[in-house]
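Keeping their order, the protein sequence lines are chains A and B. Residue numbering for the first sequence is 1 to 144, as defined by my numbering. Residue numbering for the second sequence is 1001 to 1554, as defined by my numbering.
Hints listed in this document are in silico derivations from the structure and should not be mistaken for laboratory results. Incorrect hints may have been included.
Stated by the list, open to error - Calculated lysine to aspartate or glutamate pairs in the EDC-like style (CA-CA distance at most 20 Å, straight line):
1. A/K21 - B/E1363
2. A/K21 - B/D1342
3. A/K25 - B/D1342
4. A/K56 - B/E1317
5. B/K1486 - B/E1298
6. A/K137 - A/E126
7. A/K114 - A/D143
Given the structure is predicted, the values throughout are model-derived calculations rather than measurements.
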Amino acid sequence: MNTAHVLLVDDEPVFADVISKRLTKRGVNVITAFSGDEALEILAQNKLEVVILDVKMPKMDGIETLAQIKKRFPLVEVIMLTAHATIDTAIEGMKLGAFDYLMKPCELQELIGKVEKAAARKREQEGKIMEAQAWKKRKAMIDR
Amino acid sequence: MVLVSFTPLLLVTGLILEQYNRSYREKVHAHLGELVERHSQNIDAFLTEQLNLLRFFVDSHPFGQFRDESFLELKLAQLQLQFGGVFEDLGVVDDQGIQVDYAGPYKLLRAHYTDAEWFKKALEQPYFISDVFLGLRGTPHFIIAVRQEYMGRTWIMRATINFVAFNNLVENLRIGKTGFAFIVNKSEEFQTKPPAGYIPRQDHYSRFRNDENGEKKSIRIVEETDETGRDHIYVGAFLKKGDWLLIYQQDSADAYRDLNHARRIALLIIFMGGLAIITKAIFMSRRMVARIALADREKNLMNRQIIETGKLAAIGELAAGIAHEINNPVAIMMEKAGWIQDLLEESDTQQIDNRKEIDSSLEEIKNQSRRCKVITHKLLSFARKADFNPQPVQLNDLLNEVIGLSEQRVKYTGVTIDKNFSENLPPVEASPTEMQQVFLNIINNALDAMDKKGGNITITTRNIKKRITVEVADTGPGMPAANVDKIFEPFFTTKPVGKGTGLGLSICYGIIKKLGGDIDVESELGKGTTFFIHIPVTNTAQKSVTTDKEGIIK
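Based on the sequences and whatever the hints tell you, model everything.
See the structure below:
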């Protein structure tokens, strides 16, 4: 299985740090960001597949960040990380196009499982697009 | 209120009574007037008849014949025979006032009438009817006289009218118990016999005469109060071209007997009606006051309930905030422990002393973190449900949640909870928060009751005839019957001061009643207490069986 490229967004550096370390140890390629703005910047510069997004953040919150991500990087899959009280926002996030959601504190294995699924889906989507583009190219050549 | 009720009643009754009074009076007056008029005409006719009879009698015979006494006696006998005993005697009086001829029971031949009033008047007119007087014979009588010229002299034929016969004519006019009639002349002298005991007044004639000023009405009706304070009704009619006055007198009370009777009945009805109104008013105002007092009590309870639920919601929010804030550090702790485990696994540190102890400690940190997570999630779910809008509620799920919330206490009090849930319960339409409050309250009460000795709580759900019954039975000490009766009353508590408000169960009662349900309790000392909560299954709740699965904690 290919390494998944993940962006972890959480306003609490200690949490982001330890999760990032543990994921890296399990073969996930992780970059961390501590705010929504930073996350968008990093996404613009790096080719990433999955974003793990904390819902409750100061300034730009998770839902806002999600909307921006989906607008600018529609193929990037997002996993919402919520505390229980914001379950309604998690549902809202799902409606906005998030791949899944998880409740804090979560089991690491569960998180990795969801990340892998998300990455797989992203690749599948990309594959489909590539196929379609290839077909389009071929068709154009034949037409010519 | 009494005033408002009475005013129209009194107004209407007064008006009707007044109208009735007036019309009845008019009717009585008309009746009496007619009666008296007819009688006065009768009397007038009687007098005229007697006069005409005498004139005819005088005219039909040469006057010389009357000088014969035997002829006079014969004629008197004839007259008496023909007209009853009306004519008492006959007499011929010369212009000097000496009765020259006489036929009759009295010895009045050669009687001198020279100075008699009637004689003087009779000489002046062709015919004359005198007032009643005693005269020479000493009994009341009156005279009809006819003047006649004979042989160059003036003669007067006089006849005496039987007073009794005339009196009867007037006395016949009797109505009711107190009605009677009499005749007075211009000088207020009685012309007929007044009834025994009648105190005559001296102004009848003058009064009626004065009243008649300018008026041609033959009948006058006057109502007056006499000196003894009694009301009388007087009807007067003039006779004999105004010489005599026929007076009919009756007590007003007697004349208006029917009217007074009707008035008494009306007054009685008003009195009874008034009494009824007052009673009703008092009764109604009492009931109103009682109702207001009840409403007041209910309002107080409601206010308390609002405060309590408000408090609960506030606590819920606070708990949610705390739980949420705790989640992050707990998550970090859990991950850090995990990270240490990762590192230990990676490095070759198997030979480190107490490696096993370290491993088990890390595992325990993770376990305890998970426990924290469970607790915070329970708190959060409790707070999240702070919703007072009715919605379909699955009672089994809700009960599980409530049991989860009291799990810690259950453990420490040494109580076990048995669940005996009926599968596939239809949802009920209720506020989840309120339902939570009800069951939490009852379970907490059961736990309080078994605080010292421990015991068992059995929670049973059943679906019977469109009603879900939840039974919460404990094996606590139970309570006496006196307390069972009062248990749902607000502010009733058996807990020590400061421990209970006495509101919990009354609020539960209010919530369940509001849902159209019922709550009751059975208790036996030494055996335990069972609460029965019946909640109706509404059709709307049944239709929306699709419950919100997200809301249930796994």
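Hint by hint, here is what the structure shows:
1. Taking the CA atoms of A/K21 and B/E1363, the gap is about 19 Å. The hint holds against a cut of 20 Å.
2. For the hint linking A/K21 to B/D1342, the alpha-carbon distance of about 10 Å falls within 20 Å, and the restraint holds.
3. Taking the CA atoms of A/K25 and B/D1342, the gap is near 8 Å; set against the 20 Å cutoff, the hint holds.
4. With a CA separation close to 17 Å, the supplied pair A/K56 and B/E1317 stays within the 20 Å bound.
5. Among the hinted pairs, B/K1486 with B/E1298 is consistent with the structure: their alpha-carbon atoms are about 16 Å apart, no more than 20 Å.
6. Of the pairs offered as hints, the one joining A/K137 and A/E126 holds, with about 16 Å between alpha carbons and a cut-off of 20 Å not exceeded.
7. The straight-line distance between the Cα atoms of A/K114 and A/D143 is roughly 43 Å, outside the 20 Å bound, and the hint therefore fails.
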